[in-house]
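Asker: Below are the chains, spelled out letter by letter.
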Amino acid sequence: MRNDTSAASAKTLFVVAVVAAVLVSAVLAPVAYGAAQSAQSEGTVSVITVSGTITASTVDAVSEDLREARTNESIRAVVLKVDSGGGLVAPSERLYLEVLRTSEQMPVVASVQGIGASGAYYGMLPADEIYVLSSSEIGSVGVIGPGGSTPVPDSIIRTGPDKAQPTAEDRRRTIESLKRQFVGRVMEHRGESLSVSREEVAYAKTYLGPEAASNGYADGVGALPTAIDRAAEMAGMEKYDVVRKEPPFRGGVFLLAAENDNETMVYKQGPGTNGPVPVTQPLLVDEIPNHDPEQATYDSEVTRNVSA
Amino acid sequence: MSAREIVAPAVAFVVLVAVIVGGAAAVPFVSGGQSDDVTNLADRQTDADAVTVPEAAAEGEITMDSDADSKTVLIDRAHANQISDEKLSMLVNTLVANGHEVDFVTQEQARGPAWNESLRSADALLVANPNQPYTPGQLAGVEAFADAGGRVVMLSDPASIQQFGIFGFGTQQQSNDDSALNADFGVSVQSGYLFNMHEYQQTFTSVYATPGDGPLAEGVDQVVVRDAAAVSTADGQTALTAGEQTRLSTTRRADTYGVAVQSGDVVMVGDTDFLTPESAYVADNDVFIGNLADFLVSGEKTADAPAPPSEGSDGPGGPSEPTRPTPEQVA
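First to last, the sequence lines map onto chains F and U.
Sequential numbering from 1167 applies to the first sequence in the numbering used here.
Sequential numbering from 25 applies to the second sequence in the numbering used here.
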C-alpha cells in the first residue's frame, strides 16, 4: 500500500512538473523569440503619428513618443507619419522643438500622408528629409488670427486699457511676429533646398506633392515604407524593427463634438465677432484653402477644415 | 512546529526582500539617473531682433491750411454706407474745429427731391463705401453738383468697389448714366486689394503710399493705407501712389498703383482705414487728412446747384431729372 501511494504521488508530481514547464515556456517563448529577433535587428525605427488639428493635447502625446524614442536605446531613428492641416501656434512650435530635439540625436524622416500644412509643416521642419505622396499637400507657411479691436462692455471692469483688449495694431504686430518666426525657421531648415524666395514662402501657398518635391518644400515623393527605410538607412541599419506609435483613440461622438466646438470657437474669433478676447487666446496657424476674408464665412471654413 | 522551524524561513524572507528592494534603490545611484542634458532650443532658435515688429510711430497734428469761410460738407449716410462714426470722426472733428459745418444725409433726407435739396445747400459731398445703389435722379444730382464746382470725395474699400462698382454709381442697371458719370468724373478703380510683401507696415496689406501731384500730396512724405483699392484717373492727378513692388490681389502684378486720385473737383481714395483714430497719426496720414479737409472746403460752387426743379433743364442727367418720381428708389 505504501509503495502504491508513493508511486502515485511521484506520478502526480511528474504531471504537475510537465504542466508547469509548458506554462512557463508558453510565457517565456515569445520573450525568447523577441530577444532572438532583436538580436538579429540592429535597432528600431519608431513611427510616430501626427494627425488631426495640432493642439496642446495632440502635441503632449507626440512629445511623449518622441521622448521615449530619445531615451530608449534600441530606437535609432524616427519617422513622423503626418496627416494634419495645422493647428494652434504655440503647440505647433512645441512640436517643432520636440522634433528638433529628437533630430539632433537621431535621424528623423517625415512622411506626409494627405496633408502636412501650416502648423504640421512647422512641426516637421527639423526632419532630415520630408517625403510626400503625389496627392499630398504641404506648405501654407503663415499665421491667421482675429483682427480689429472689440469693445469691452461696461459690465466688465479692467485694470488697464490693454487688459483683454488688444488693439488692431497689437494684433497685427503679434501675427506678423509669429509669421516671421515661422518663415525664419522654414528658411533656416529648408533654405538650402528651397528654390522659392523668403518672400514667396511668406505668400503661404500650399503645394501639391510633385511641385513641393521640386521646389524644395519636400525632398522627394515616397510613401511611408520608403520613409521608414530611409530613416533606417540614415541610422546605419540594414535589419531593423519598426514600432508604431498611434495617437490615443479619440473617437466617440462626445470627444469629436468637443473638438469641433473648440475649433469653431477659434475660427469664429474673426472679424465681426464681439466680446473681449482673453490674452491667452491662441492664434491659429492653419491652412485654409483659398482663403478669402471678404467672401468666405468663417463657418464655411470650419466645415471645410473639418471635412478636409 | 518549533520556533526554529519558523525563524529560518522568516530570516530568509527578510534578507531576500532587503537585498532585492535595496538593490533596486541602489541602481540609480550607480547608473547616475536618467536626466538628459537639456539644451534650451526655444531660446537658441529664436532671433529676437528678427521677429520683433516695432510699434508704428504715431505723432503729428491734423491741421487745415485753408482759410475759407464756413462751408457745409455733406456726408452720405443714405446708401447703407459702411463706414463707422469712429472712422469719420477725425475728419469731421477737423472740419468742425476749423469752423465748417458737417451734415449727414440720412435715408429719409435722400428721398425724391430731398437729395438735391441737401446737395443744393452744401459745398462738398463725401461718399464712403455705399452699399445701396443710387437712383438715376440722385446720380444726376451729384453730377450737376460736381459740374457746378461742388467738391466730391469718394472713399472706397475694395469690398465695396467689388460689390458696387465706382462708389455705387456703377450698379445702375436701368440707366446708362453710370458710364457717362464715370467719364465725367474721370476716375476708375480696379477690383482686388493692394498688398506688398516686400515693404509694409506690420502686415502685408498695410501699404506705404508716396506723394504724387496736386494739393492732396502737399507736405506728405508717406501715407499708410490698409487694405486699399487701386484707383486711377484719365486726365487728373494721382495724389498718392503705392510703393514699389506693390501688387494687386486679383492680378498679382507688380505695378504703379494709385491709391488717391484727383480729377478736377472730384477725389477718389481707395481706402478708408487711414481715417481711423488708430491710423490717423501714423506716418503722414495726419497731413493727408488735413489736405483732404482742405480740399472739401476750398471749392467754389455756384449758388443753387443742382438747380431747383422750377428752372428745368434739357439734357439727360440734367438737374430737372431728380424731381421726377423715381420708382426704383431704394427706401
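In case anyone wonders, no lab produced these hints; they're calculated from the structure.
Careful: at least some of the hints might be erroneous.
[Unchecked claim] Just so you have them, the derived chain F footprint on chain U, three or more residues with Cβ under 8 Å:
| hint | segment |
| --- | --- |
| 1 | 63–75 |
| 2 | 242–249 |
[To be verified] Within a straight-line C-alpha distance of at most 25 Å, the following computed SDA-like cross-link-like pairs (lysine to any residue) qualify:
| hint | chain 1 | residue 1 | chain 2 | residue 2 |
| --- | --- | --- | --- | --- |
| 3 | F | K1411 | F | A1173 |
| 4 | F | K1329 | U | R276 |
| 5 | F | K1371 | U | R276 |
By construction, the Cβ of each residue, glycine as well, lies at the ideal position given by its N, Cα and C atoms.
Asker: Look at each hint and say if it fits the structure.
Answerer: Hints, one by one, checked against the model:
1. Interface restraint, the segment 63–75 of chain U with chain F: holds (8 residues with C-beta to C-beta distance below 8 Å; minimum three).
2. With 0 residues bearing a CB less than 8 Å from a CB of chain F, the segment 242–249 of chain U misses the requirement of three and the coverage assertion fails.
3. In summary, the hint linking K1411 (chain F) to A1173 (chain F) is not supported, as the alpha carbons are separated by about 55 Å, beyond the 25 Å threshold.
4. For the proposed pair K1329 (chain F) and R276 (chain U), the alpha carbon gap of about 39 Å is over 25 Å, so the pair is violated.
5. Taken as a hint, the K1371 (chain F) and R276 (chain U) pair is honoured in the structure, with Cα atoms around 14 Å apart against an allowance of 25 Å.
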